[in-house]
Amino acid sequence: MHVRCMNLIKSRISMPPPVQIHGKCHCGNIAINLEWPAGAQEIPARACTCSFCVKHGGVWTSNPNARLAVTIRDPALVSHYAFGTRTATFHICSRCGAVPIVTSEIANHLYAVVNVNVFENIDASSLRRSSADFEGEAVESRLARRQRNWIADVRIRSESD
Amino acid sequence: MLTATCHCGAIKVEVPRKPRRLTSCNCSICRRYGTLWAYYKASEVRVVASGKTQSYAWGDKSLRFVRCATCGCISHWEAIDRTAVNRTGVNARNFDPAAISTARVRRFDGASTWKFLD
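Residue numbers (my numbering), protein chains in the order written: chain A, 1 to 161; chain B, 1 to 118.
Hint data in this document are derived by calculation from the structure and do not stem from the laboratory.
Being a predicted model, the structure only gives us computed values, none of them experimental.
Wrong hints could be hidden among the right ones.
For each label pair, taking beta carbons as the anchor points, the in silico distance ranges come out as [to be verified]: (1) A:T49 to B:A57: 28 to 34 Å; (2) B:A111 to A:E137: 33 to 39 Å; (3) A:R129 to B:A111: 17 to 23 Å; (4) A:A82 to B:T102: 30 to 36 Å; (5) A:P17 to B:A42: 46 to 52 Å; (6) B:D96 to A:E137: 49 to 55 Å; (7) A:N108 to B:R64: 38 to 44 Å.
To be clear about the criterion: a stretch of chain A counts as covered by chain B if any three or more of its residues have a C-beta under 8 Å from a C-beta of chain B, and this derived list gives those stretches [unchecked claim]: (8) 32 to 42; (9) 54 to 66; (10) 76 to 88.
If you want a taste of the chain A side facing chain B, the calculated C-beta under 8 Å gives, among others [to be verified]: (11) V19; (12) H22; (13) C25; (14) H26; (15) N117.
For glycine and all other residues, C-beta sits at the position ideal for the given N, C-alpha and C.
So that you can see chain A by itself, here it is in the shape it has in the complex:
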């Protein structure tokens, strides 16, 4: 076997497994399991400066290679809010009021970011905090950025399904 192939296989074998990040709103109605890709050690945590996120203290993360599974106990107790370009939907637990995820449907595909404030098993030191200002960004650029950076493997199911 070629040396480079051997090295590639070795690096794959030694690569740590994906990190399973668990989180939920306070009452547990909206639970998330975020499979963070192996090798991506730091978790970006972007404090968005938009009018909604400032008021909600929203701090978001995503990785295009992550996988997100959202489990909703009672879908009737989830409300949705959109504003501005109305291209992003905030999922708010209407029992406790936490906002664990934001989704954006682009060309019939669902993308998401997750609020790091709902994480339960991640040490704060592994979060790479920054602020993010997308004010004035054109809609097309905004959607293209989400397609590049947001989580592209998103499954949302309710426990009654």
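Since the structure of chain A is provided, determine the placement of chain B on it from the hints.
Leaving out everything else, chain B in the frame of chain A:
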């Protein structure tokens, strides 16, 4: 007077003065809400709601966290027994950011020791 307004504008909270100190708490509810608390006497705070509000209480249920039912912004917490506690926490995230830019933010360890971390 200073007014805190939720994102959709349905809930307004009026307070008599700018806060000099804000509290960032890491307890299970405050960290999820991402709130910054400014404390006032309950009798000094006026809540004006033109839309529906919702509230959430947990644990010993001595407080309830009030929010706008439309945009979900947490407006304030209030004592459930108002005769016992004349104190309200107003979510300073809903103030004009310029109004709180000089306020000192203290980090409160509500998750564990119940003391300030700084």
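Open item on the list: Check the structure against each numbered hint from earlier and tell me which ones fail, lowest number first.
Closed with: 6, 8, 11, 12
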